[in-house]
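A.B. asks: What follows is each chain in one-letter form.
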Amino acid sequence: MSKNVEQTIRELMSIILNIDAARIDESTSMDNTPGWDSVNQINIILALEEEFSISFEVSEFEMMVSFFDIVEVVGAKI
Amino acid sequence: MTEPSNMSVAPSKEADKPDRRAVVRSSLECGAVQAAIQAARLILQEQPSLMNFRFLRQLVDGLKPDENDLKPYKVALVSTFSIEFIHDSLIAFGFINGLRIDIYQPGFGLINQEMLDPKSGLYAFAPDVTILAIEGEDWLPEIYTDFMDAETSDGRLGMVVARFRRQIDSLVRAFRSTSTTPLLVHNLALPRVRRAGMADLRLPNSQAKLVADLNRVLGEVLAEIVGVHIVDYAALVNHFGAQHWYDARMRLYAKAPIANGMLGNLSQEYMKYFRALEGLTKKCLVVDLDNTLWGGVVGEDGVDGIQLGPNYPGSAFVEFQRLILDLYRRGVILAVASKNNPADVDAVFLNHPFMMIRKEHFAEMEIHWNPKSDSLKRIAKRLNIGLDHMVFVDDNPAECEQVRRELPMVTVIHLPGQPELYVETLCAEGLFDTLALSDEDRRRGQLYQQRAQAETMLSASSNIEDYYRDLAMTLSIAPIDQASLARAAQLTQKTNQFNLTTIRYSEAELAGRMADPGWLAITVGVRDRFGDNGIVGVMMARAAEDRLDIDTFLLSCRVIGRTVESAMLAFLCDAAQERGLNKLCGRVVPTGKNVPVRDLFAKHGFSKQSEDESGTTSWELDLACSPVRRPSWFRTSG
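These protein sequence lines are chains R and Z, in that order. Going by the numbering used here, the first sequence opens with residue 1, and the numbers climb by one from there. Going by the numbering used here, the second sequence opens with residue 1, and the numbers climb by one from there.
Only chain Z is shown next, with the shape it has when bound in the complex (with noise of 0.2 Å):
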């Protein structure tokens, strides 16, 4: 590979392991808080250690209040057992996804006064995120501990499981009824010690499957209640194993039964909920091809000579590739980023028998010999998405280390020498993971090849009407149901350009928004000649005297530069007259990232009214004189 001259292809051992302590201290000096976090990443992955964790949670706790380059988040840990061991490792991971975490926790075991009384600690707190974490055999001696005890008596082991779904039940429906924000259940693990030894297994009321029956019970109970989400403790104890995942000294000793080097990875699991819940989920997966997608370099070894196939190595690249076409079919939108020639490339992807993913799962590629980093922000700036929201992956820690300089926003993977631990390597923090796939997320593929498709034709357009009249839009406009809600919570939670207010709504608020006679609630769906993009816009309105205020205007980046949002305005300006109303208002709340959406309101005749200090501008429309008229090429239906 040729690299700029500037940089050096096999770092000396000191250049590859630089105090990084250091670097993320004299970064926050001086408001570098993306190069921070880089380096901070990286500590996290080379040394999870609780020296680390200490070290970044201080870091984190003498920032200035105003330090904004990080999300304040408040997480409240109620708990069966002795949890403040984690703090520092979810401070010091909350700190490498962009989140200032303040953590509140009551003294374990008081899961019942917290959550019940609407006057407790929990609420006062008033959470962002709410962590109910259990252990089994502290919430269910009868089926842990004393379970040869309680075995013998007949239907005591069947009213244990009945008396736990009424428990829980009525705690989260307590929760939800003082509270609208997101709560994380653990689900229950195994029993560490089966009581009945190997006989378990011929037991009619097993601990394994009271265990399972407890586990669906929770999945019942849970399912009926908005934006409560169950975090699938019993598994992550089984990936790490019981056997290190708990301490028998910490469990007798200090009531904390998860060992000290098992935190980080609890800390991991939660963030990715955080992420999901916080808009932060990785969207754009840009991966590099020689040693990569397949073993050896195309540019010398040829089609035939790379390692891609059912032996190893090449077994080893099918397997991560076989991850990669999972990640699309979940949504996670899929580019290149190769130095190259593209004949080569191509080559490959129509010859080489055993290439599991096909040219056309990627949204872009850029195959050439520039700079990774120019690649990628092609790529972000092509399909609309945030850096911040791009993963790189590359073997070469040259390349990665070119990619972190340029663009510390994006999160850069190195993949290790041996192909076999590619999977586990991207895999590890749970990147892409959300909370729920939608019809929307299986479909994204095939959206961004439509969306390919369109730009073709908008190039071969004479004019913008044409291209716009050629696409045969449909708008399908309608209120929030229980089918859209989560789609619309996660528009809300995920769509930071064409966004007037960022508002961030989880599935209860909505819900509660829904059933708001003095609310619109609306979702925005885009057919065109291509497909169905489904729902890509949602809009919140409320009538205040004589006018319609919008709290929530916002559109997917898939749809943006189509005319949608005059549509959009267009059915509020009839909703509103037809209210008999005079007035459309609303606000834009600049961030980093709403560029696209700020001349929204100027653009369709809007006056501006106020400004203040942090920029927010209001602006009005009389209804009278000029509403907005949905463009002529729109159909609609629904």
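The following block holds chain R by itself, in its conformation from the complex (with noise of 0.2 Å):
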């Protein structure tokens, strides 16, 4: 995984979710991250794809519930 994709996926969630890029790491989660909602989970996603023009099953939108674990479904899918 190269960091120019994860710094990518960091600015994408930091615009949709309104908080700092700096502040993004591999802790941050629904759980502990307010704005993070279902709604705005599916407006990652659905931006992840646009950004990388790839496709997500749905198994995997349940799985990318972090920061870590969005890098991991990305970097395994580019």
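It should be emphasised that the hints constitute simulated quantities derived from the structure, not laboratory data. Backbone N, C-alpha and C define an ideal beta-carbon position, used for all residues, glycine too. Take the hints with a grain of salt, since some may be wrong.
Said to hold, decoys possible - Here are the simulated distance ranges between beta carbons:
1) V193(Z) <-> V5(R): 32 to 40 Å
2) D146(Z) <-> I54(R): 34 to 42 Å
3) E11(R) <-> E220(Z): 46 to 54 Å
Hints are included, so try docking the two chains, each in its own frame, into the full complex.
C.D. replies: Below is the structure:
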């Protein structure tokens, strides 16, 4: 996984969740991030699909509940 | 093409794609909202992505509440499915249309509760427009997913159609009895899956036929209720294709059936309605000539050398001309801004066998070598329309950029390199789409020709009163009725310049005024020696104590400068006196655009009563002393 991809994901999440990109680290998850609700979770997933021209399966939607998990799932696709 | 020396004709790649997000942000910071909108338009054209929607939405959310270059606009989304993923794109596209959109959306499937209960969140939100977004399979499973089960039972499908009629009728009537604001209702798209396979075509009650029946029923019900408009969702899904429109994952996982890539297209469809309802529909199309109406450069290639005719690429230009001619027939005013020698252009119009558009279709032609922004300014001035109602189309990126920079309020469409894409490019946003086509729309082109003839006569008249007399104007002043309701509402929505108060009325609100005996609600028609201008003015006034208070007083820009307004005031004076009232009163509410109307009262002998901090002035005329009299050159009828 290149640093570049990780940084792109971080920036994308920072725009959607409206939080500072520097505050997003491996521990950032739905549980500890206000604003990361189910609607924004889907917004993140759809934006990732668009950004990286990839497509997730529904089973993967449910895995992507933290920054760490998202980087993992995206990394496996590109 | 020669260009001012400070402009590069072939911009470098970097200059071609500057950081548009930064431009939007910095323009907003220094208050240049129009420039921000221009840059945002380019962002959405080049890359209508979710990230860009979200970026623009956050900018709009962060604007100061008193940012008054954007019009606040409250949109209620009532849907059978989860539609929240559209919010970002709706706000982003709203921004580039000059709207600051605020959304109310109850949970999906709460249509009945929201629309039937006058105390619901929907009505408390007081929306400017409400959208009823329907997916057929949510509302009518018998005709969509459960069709094979329902199909075998005698009469069940017919009952479903009848039930749909009752439901939609009661919902929309309940809405109308609580709110006078516009309502947009989706029609029904075809099922994604034909449950009977290809045998559907042979069934007496096929899915395809039933959906057509339902849409016919919907049309019948909605036609009876003013201010309700159908969103042709079926056509939209068809245009993009159901395969692309829907996303099965999102439908089953999130009850959000529309694919993310299509949300912007749905938002753009809604924008056509918002523009039409808010008087933001474009009125005038200004076209370039070389490589726009025909291929090649007439000054170099000659009349015989330009590309226009049955074979490609000429065929693409014929198709584009046909579209522009259709716009003319729909009431769009056409004009030309071209860098050319007038004689070369005349030769094409006169002699080219495949020219579909004729010179007389253009209300104005600016053919010279001066900057096109100057041409546009002159066209706007002569036609009496705002630059923000103009669309400029050119194939040359440098010309487009020059106009964008000088006149950020003009909508600029840069034609792509391939002429076969011109039609799609000009149609894409539906910038000229109106809710209905009125007689005035159909005859507008002709009306502008009459206007030009009248102006020629003015320059030939020795004095202004002779000119008025020679025009032989006949007024028809009449209460608004069912036949004139749509046109009257359209005038309140579209008229910006000669408009005292700029109060916008929906058809439903006007219908309320018509029925109220306390109100005068009047249309004004003008005919002159060159033809009938149709309905060009609206007046509304209400009796209060001993006065008649003017609420609305407006006149189409086509007939400004002919003393029609004096005749209108004279009518109101007479109407007030017939009712035993002593005074005629009114207000001037200044807007950025209504300069031509500001001195109306002062010119007609009214005295100023007060002025508030926003500049709104109140005026009064004592009818016993100095009523306004109808100028002697008018005749009246009707």
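A.B. asks: Against each hint, give a clear statement of whether it holds in the structure.
C.D. replies: Tested hints:
1. For the pair V193(Z) and V5(R), the supplied restraint of 32 to 40 Å holds, since their beta-carbon distance comes to about 38 Å.
2. D146(Z) and I54(R) have their C-beta atoms about 35 Å apart, which keeps the hinted 34 to 42 Å range intact.
3. The supplied range of 46 to 54 Å is met by E11(R) and E220(Z), whose beta-carbon atoms lie about 52 Å from each other.
No hint from the list above goes unmet by this structure.
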